[in-house]
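Trainee: What follows is each chain in one-letter form.
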Amino acid sequence: GENVEQHPSTLSVQEGDSAVIKCTYSDSASNYFPWYKQELGKRPQLIIDIRSNVGEKKDQRIAVTLNKTAKHFSLHITETQPEDSAVYFCAAPGFQKLVFGTGTRLLVSP
Amino acid sequence: DSGVTQTPKHLITATGQRVTLRCSPRSGDLSVYWYQQSLDQGLQFLIQYYNGEERAKGNILERFSAQQFPDLHSELNLSSLELGDSALYFCASSANTSAWDMNTEAFFGQGTRLTVV
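Chains X and C are the protein sequences, given in the same order.
So for the first sequence, my numbering puts the first residue at 1; every next one is plus one.
So for the second sequence, my numbering puts the first residue at 1; every next one is plus one.
Hints are computed from structural coordinates only; laboratory data are not their basis.
Just so you know, these numbers come straight off a predicted model, no measurement behind them.
Every residue, glycine too, gets a C-beta built ideally from N, C-alpha and C.
You may find that some hints are simply not true.
[Claimed, not checked] In silico SDA-like cross-links for lysine to any residue, where the CA-CA straight-line distance does not exceed 20 Å:
{"hint": "1", "chain 1": "X", "residue 1": "Lys-57", "chain 2": "C", "residue 2": "Glu-105"}
{"hint": "2", "chain 1": "X", "residue 1": "Lys-42", "chain 2": "C", "residue 2": "Gly-42"}
{"hint": "3", "chain 1": "C", "residue 1": "Lys-9", "chain 2": "C", "residue 2": "Leu-39"}
[What the hints assert, rightly or not] Simulated restraints on C-beta separations:
{"hint": "4", "chain 1": "X", "residue 1": "Ala-29", "chain 2": "C", "residue 2": "Arg-113", "range": "33 to 39 Å"}
{"hint": "5", "chain 1": "X", "residue 1": "Glu-15", "chain 2": "C", "residue 2": "Asp-71", "range": "43 to 49 Å"}
{"hint": "6", "chain 1": "X", "residue 1": "Arg-51", "chain 2": "C", "residue 2": "Gly-28", "range": "19 to 25 Å"}
Could you put the whole structure together from the sequences, leaning on the hints where they help?
Mentor: And the structure:
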């Protein structure tokens, strides 16, 4: 939390490829890491989250991995589809607020 | 539908004016957050309220203020508006059990798109 860095800022893949987005955080006390998807002009929506007591969580084509020692977590999307095109934000708890990464614009080309 | 309601959806106003954005959190959620998102930018934290009390402030301008009422709805007041204040303003709420508990999903409203001309 407090400082969350997200990479890359843009990511272009072909349909069917995998996409990986990485985030690092600074507060070692953080223990909740959500990922939000925001389609153009719409609200951010939670797609998956992970808590510090597990290292990986999957939900169909989406997975999140967490490395607490290195203080980074990643979003993995497999078999990407055009409807996966959006901006993805990672987040981590800060002091009484959720701190968001700067976002990754994912473009999936047919 | 996230259960968080923001009004109005769109607002166009002139520089120097004052506007009020309204947010109704999900039923039972005590925490309300306000975020600003400028064009193609990230989510900038403005302010958080928990059960009527201000709990955290981000890079919120002095021209901006907010409050949370006893019924838990919140208002964000923007005054002396400038062109650069044009942005999407999101409200989010969460069911965290205390102001310090950030381990709970935040649900976002649809946002208010403010255009200052």
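Trainee: Do the alpha carbons of Lys-42(X) and Gly-42(C) lie within 20 Å of each other, as the hint requires?
Mentor: holds (13 Å)
Trainee: Confirm or reject the claim that Glu-15(X) and Asp-71(C) have a C-beta distance inside 43 to 49 Å.
Mentor: holds (47 Å)
Trainee: Is 33 to 39 Å a correct range for the gap between the Cβ atoms of Ala-29(X) and Arg-113(C)?
Mentor: holds (36 Å)
Trainee: Assess, step by step, whether the Cα of Lys-57(X) is no farther than 20 Å from the Cα of Glu-105(C), and give holds or violated.
Mentor: holds (16 Å)
Trainee: Between Lys-9(C) and Leu-39(C), is the straight-line Cα distance small enough, at 20 Å or below?
Mentor: holds (16 Å)
Trainee: Taking the beta carbons of Arg-51(X) and Gly-28(C), is their distance inside 19 to 25 Å?
Mentor: holds (22 Å)
In summary, this structure violates none of the numbered hints.
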